[in-house]
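Visitor: This is what each chain is made of:
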Amino acid sequence: MNREQNSSVLHCEGLRKRFGEIEAVRGVSFEIAPGESYGLLGPNGAGKTTTISIVAGLLEADAGEVTVAGNRLTTKSVAAKAAIGFVPQDLAIYPDLTARENLSFFVKLYGLRGKANRARVKEVLEIIGLSERADDQAKKYSGGMKRRLNIGIGLLHSPKLLILDEPTVGVDPQSRNAILESVEQLSGQGMAVLYTTHYMEEAERLCDRVGIIDRGELKAEGTREELVALLGEHDKVHLTGSGHLEAAAKACAEIDAVEAASVGQESIELLVEGASAILPEILTTASSAGVTVHSVEMEEPNLEAVFLHLTGRALRD
Amino acid sequence: MRATLLITAKDLRQRLRDRSAFLVAFVAPLALAFAMGVTISGFSAGGATYQIGVVNLDRGQAATAFFSTAEQAPVQLNTEKNAASARKRVKDGKLDAAIVLPRGLSATFLGGPAVQIDVIGDRNNQVGALVARALSDSYASYARTIQLAARALGNATSSLQIAQKGSSLRSPVAVSDTSTTRKNLDPKTYYAAAMAVFFLFFAVQFGISSLLDERRDGTLARMLAAPIPRRAIVGAKALTSVVIGLTSMVVLALTTHYALGAHWGNPLGIGVLIVCAVLAATGVTAFVTTLAKTQEQANAWLSMVSIILGMLGGSFFPVAQAGGVVSVLSKMTPHAWFLSGLQDLSSGEPLSSIVEPSIVLLAIAAACGALALVRVRKLIEP
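Residue numbers (this note's numbering), protein chains in the order written: chain A, 1 to 317; chain B, 1 to 382.
In isolation and in its complexed conformation, chain A is listed as follows (with noise of 0.2 angstroms):
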């Protein structure tokens, strides 16, 4: 996707937002060009929420200027929300009414009806794979089935933007997956694709390119690659082990090529400049700690070390 190509679909410019004492979104500012995925990465609480429900117009910014498909954004404006489409984190339907009935009632508010409502809701129940039950009522699907309505809803008046809210949190594994194809499917389409997410993988298989952000503020951006790239010759070294894991990690930390570390479940993640050469020191040290390592390994650097090269620590954090 060459993004100078096109003018683009969303751009947000020094998005700010605060709550009481705390600044959720801090100057936050990127731009997704038409048929690209962009992803917001970051763990629980770094401002993907607050941005995406700024960008989805259901909440106005303190600062900063939002516009999709070339109109400015806000709470009250009709046509840069009639481009946007939004999944929203948990799910959002009427169990009590069926799929075609939900796809129906969403796609009116979108200035859908008659024949062309019908249509395009036949349309999206064939995407979502739920023609054959369009008429059950939604409380009697499956988990599955209730996410790609969930999605389906988004989807359903052709936006030219569409938001997805960590839609794959709680879900099982094949709907995950599901819900990944779909996405891909839909940017391939030409849909430009707002996602956030924590889960690293998610970001590298979905996104051509990620904004990483922690504690409101947009830390990085690019594509993997580019991203990537800011690690220099950092490895990333994940140490399994038992014992004071914390008191380890703080002693590998001094460590002068070691430049981060974070501890996770019995283990212990390390941003290391030249690991090979260093690697017998920092298992020295863990052992000193008071740590018995069970297992080393040193991992290809990706977006989750980017993350601990540009915060410090992990993003399950």
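Derived by calculation from the structure, the hints in this document are not laboratory data. You may find that some hints are simply not true.
Label-pair ranges, simulated between beta-carbon atoms [said to hold, decoys possible]:
#, chain 1, residue 1, chain 2, residue 2, range
1, A, Ser158, B, Met304, 42 to 52 angstroms
2, A, Gly312, B, Gln297, 34 to 44 angstroms
3, B, Leu260, A, Thr74, 53 to 63 angstroms
4, B, Gly348, A, Val78, 49 to 59 angstroms
5, A, Gly111, B, Ala366, 28 to 38 angstroms
6, B, Arg231, A, Lys115, 28 to 38 angstroms
7, B, Pro229, A, Glu13, 21 to 31 angstroms
8, A, Asp256, B, Gln297, 55 to 65 angstroms
9, A, Ala247, B, Met304, 51 to 61 angstroms
Just some of the chain B residues that point at chain A, by a computed CB distance under 10 angstroms [claimed, not checked]:
#, residue
10, Arg2
11, Arg222
12, Met223
13, Glu381
Bear in mind the structure is a predicted one, so any value in this text is a computation, not a measurement. Note that CB positions come from ideal geometry on N, CA and C, so glycine has one too.
Let chain A serve as the given structure and place chain B on it in line with the hints.
Guide: Then chain B, alone, in the frame of chain A:
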């Protein structure tokens, strides 16, 4: 407006599939109106006739005068053989109370010794005993008047003649009770209307408070992301409440009229009162809903407010007759004003009689609605 109607139609479709809405809006008020109207049929003084037994031990002209003076009272007098049988029938509930006219009652009018009229009551039927007591007091007062008149004429023997003439004369002072008896609704109508307005406050909750359901379920965020004004969402919820409320009230009025024989009065006036009551209920419900943070909290608060307003407003018994603070508090409820307007209409008052209750109901709707509008902004943020 189109978005408002669209959301309202969706809400109503959901409510149609929700059995609890049907139960609250139609079944429960009908069942309770029927049960209360039948079981408490003697509660309203307006339509009641009390069965009073009379043991006539005097068998003279004074006793005949007693029967004549009691003709105007809402009682049916039944002659009993003796005090023991009267007492038994009162105890068995076959009589509301009994009066014993003693031997020598007529003789007192001829200058004989004073006698005592006994009232036989039952502690479980205090109203019946009070009616019998009132009849006896009235007769005692009448006897004293006759005695005074005879003394003034200086001829004690003329007492009985005066009594005889007096009992057949029309009183120069007529009593017309326009404020209570005539305006009291019969029990079936009273409880039909009282239950309808009581459950109205529960029925309208299915509209406005579903805003909290939508917020919890994420569908509100979806609507907020759609190219529709936010006021369309709030307006739709209020409209849903109004439609459910109006449907509930109209169906209950028609059903209780045709099935239970309730007399609601002038249809136009009833229509106006129903619209005003529904608006007031929607306003109150909207305001209470905006005070809550969750649907569960809203449900608890709305139930509490509905029950308190219902009790104070006379949905279970005509509490305004209690007087004092309760009576004043009653006047602050939409229920009391609705029932007051209905009583005026039912008693044949002109349509203008419902102007005051209607204005008060609309004022409650406007005040609570305005407060709700100020607070609703917080509810429609994701």
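Visitor: Are the hints correct? Go through all of them and say.
Guide: Against the structure, the hints:
At about 48 angstroms, the beta-carbon gap between Ser158/A and Met304/B stays in the expected band of 42 to 52 angstroms. The given range of 34 to 44 angstroms is respected by Gly312/A and Gln297/B, whose C-beta atoms sit roughly 41 angstroms from each other. The supplied range of 53 to 63 angstroms is met by Leu260/B and Thr74/A, whose beta-carbon atoms lie about 55 angstroms from each other. Taking 49 to 59 angstroms as the suggested C-beta distance range, the pair Gly348/B and Val78/A conforms, at roughly 55 angstroms.
In this structure the hint that Gly111/A and Ala366/B lie 28 to 38 angstroms apart at CB holds, the actual value being about 33 angstroms. A beta carbon spacing of about 30 angstroms between Arg231/B and Lys115/A agrees with the range 28 to 38 angstroms that was offered as a hint. Restraint check, Pro229/B to Glu13/A: a C-beta distance of roughly 26 angstroms satisfies the suggested window 21 to 31 angstroms. Between Asp256/A and Gln297/B the CB atoms are about 56 angstroms apart, so this pair conforms to the stated range of 55 to 65 angstroms.
Between Ala247/A and Met304/B the beta carbons are some 55 angstroms apart, a value that agrees with the proposed interval 51 to 61 angstroms. Hint status for Arg2/B: holds, given a least beta-carbon distance of 9 angstroms to chain A, under 10 angstroms. Nearest Cβ of chain A to the Cβ of Arg222/B: about 5 angstroms, under the 10 angstroms cut. The hint holds. Because the beta carbon of Met223/B sits about 7 angstroms from the nearest beta carbon in chain A, less than 10 angstroms, this interface hint is met.
Hint status for Glu381/B relative to chain A: holds, with the closest Cβ pair at about 7 angstroms, below 10 angstroms.
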